[in-house]
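Keeping their order, the protein sequence lines are chains P and V. With this note's numbering applied, the first sequence corresponds to residues 528 to 806, in that order. With this note's numbering applied, the second sequence corresponds to residues 528 to 806, in that order.
No wet-lab data here; the hints were simulated from the structure. We put the CB at the ideal spot given by N, CA and C, even for glycine. Check each hint, because a few of them may be wrong.
Unchecked claim - Stretches of chain P that chain V covers, calculated by requiring three or more beta carbons in the stretch to come under 8 Å of a beta carbon on chain V: (1) 710-717; (2) 720-734; (3) 746-754; (4) 786-792; (5) 795-803.
Listed below are the residues making up each chain.
There are 2 protein chains.
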Amino acid sequence: METVITGKDCEVKFGLDLPTVIIAERINPTGRKALAEELKQGKLDMVKEDAKAQAQAGAEIIDINVGAVGVDEVDLLPKAVKAVMEVVPNPICIDSSNPKALAAAMEVCPYKVLINSVTGEEKSMEEMMPLVKESGSALVCLACDDAGIPNEVEKRLEIAKKIIDKADSLGIKREDLVFDCLVMTNSTDSNSGKVTLETMRRLTSEYGVATTMGASNISFGMPNRDLLNIHFITMSIINGLCAPITDPLIEGLRPAMRAADFLAGRDPYGMKYITDYRK
Amino acid sequence: METVITGKDCEVKFGLDLPTVIIAERINPTGRKALAEELKQGKLDMVKEDAKAQAQAGAEIIDINVGAVGVDEVDLLPKAVKAVMEVVPNPICIDSSNPKALAAAMEVCPYKVLINSVTGEEKSMEEMMPLVKESGSALVCLACDDAGIPNEVEKRLEIAKKIIDKADSLGIKREDLVFDCLVMTNSTDSNSGKVTLETMRRLTSEYGVATTMGASNISFGMPNRDLLNIHFITMSIINGLCAPITDPLIEGLRPAMRAADFLAGRDPYGMKYITDYRK
Chain P
528 METVITGKDC EVKFGLDLPT VIIAERINPT GRKALAEELK QGKLDMVKED AKAQAQAGAE
588 IIDINVGAVG VDEVDLLPKA VKAVMEVVPN PICIDSSNPK ALAAAMEVCP YKVLINSVTG
648 EEKSMEEMMP LVKESGSALV CLACDDAGIP NEVEKRLEIA KKIIDKADSL GIKREDLVFD
708 CLVMTNSTDS NSGKVTLETM RRLTSEYGVA TTMGASNISF GMPNRDLLNI HFITMSIING
768 LCAPITDPLI EGLRPAMRAA DFLAGRDPYG MKYITDYRK
Chain V
528 METVITGKDC EVKFGLDLPT VIIAERINPT GRKALAEELK QGKLDMVKED AKAQAQAGAE
588 IIDINVGAVG VDEVDLLPKA VKAVMEVVPN PICIDSSNPK ALAAAMEVCP YKVLINSVTG
648 EEKSMEEMMP LVKESGSALV CLACDDAGIP NEVEKRLEIA KKIIDKADSL GIKREDLVFD
708 CLVMTNSTDS NSGKVTLETM RRLTSEYGVA TTMGASNISF GMPNRDLLNI HFITMSIING
768 LCAPITDPLI EGLRPAMRAA DFLAGRDPYG MKYITDYRK
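Assemble the whole structure, with the sequences as input and the hints as a guide.
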């Protein structure tokens, strides 16, 4: 099973047996004051710069999130999508909790996008899934619901199963679902990493679905966060991670991902590992 | 369940929920011509230097293997064990395929050692296990037998089960068995890493036994082998690796292991990770 997202004259495939691809996370005002300020003023220069830098660093898919206080996402999200398409050909992940903003953004993009995201809440599934079905997009699915993010592997799997069943009933293809098993901070609960990894391992082995993950939560509050994030991605790759949402500019991330893909049997003969090494 | 090995005024514990410990691999003439030459001449200067350097680099246990062509192991192995005990207090792993050499080496060491190794062959179990039982040592158990190293997870598990049953029947404690799930070269068979990791995951979750592993085979024939070895150890730590046999002088190995322990929930609140980081 392969998930395909398209851009200008290009497509990106990912799946359990394929090399890991990066969904670039930097176009997101959370924790980035300067970007939040620009977006509030309707400026998209930094968005364009981030798109270029991340594509240059090897990110395959560009996530676009403009959700800052004082921003009208329905107006700005389509503009940001257009701005990114002007400067890079990469496939796009449209990231918003506002269904109207997502619909408006999808209208300006002629390619197959990844929509970020739906949860197991009835309201969320009812809002997002028809949009995804109609447009033939792919969909990031979070293993949480009205009650929040469960601490137990079984409960996260139950929510994922509910989302799969709902998508099945609407005729959304299984390969267009991309599950986020959710990463919590490991410094406050040493079990957090294991719960995410075990959920991912079971979900992918039982349903064969693709996965994504925002790795960086794992290292919150700890020194040398990049080292922790890189090694958590390595552990995730052997447990079924397909397309992490991360910062491609992190030093050492790509060689580590290529190493992990090779070790996980997802890069036969290490062709990609060796090619990257020689660059 | 915890495995305990002792040295002069010290003990080293390892197990599935504990931080990973290093069994230092450098005192081994395989692939080290200068060391092989010294050992042939009965010289132990390099053995002592290696012991000191590896203990200094943070290795908890020192493996001692003097098996080179032209060496009488029954004579030299006990001498090498004494030489190492003279310079470092660390617990020792005595490594030989010659049971007489192992018996002679155990006689000169007053501590609880790790014996490396037994296989699933009847002959090997009959030679090694009484020695281990009598001395109260711990034992490295290889998941292979007369027919070699199986490619299939199930078959490696069957051999491991046979060794566990035999040890049980002799009254050897389960915590004194340390399984090596065996690492083959990934560049010739992209499935090799996965087979080792899956064997380790199943063996540890089904029997709770401790594990060891010689990681470096995985990267044979590839560029930047240290990167591959480090990330394979990270993947192994989330799958139940307790005490890898490796070179503690590899740059970046220890911080990566501390990161992996923290992420795998084996270093509560990251105390060891943070302590090492501050050094």
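Unmet hints by their number, sorted upward, for this structure | none
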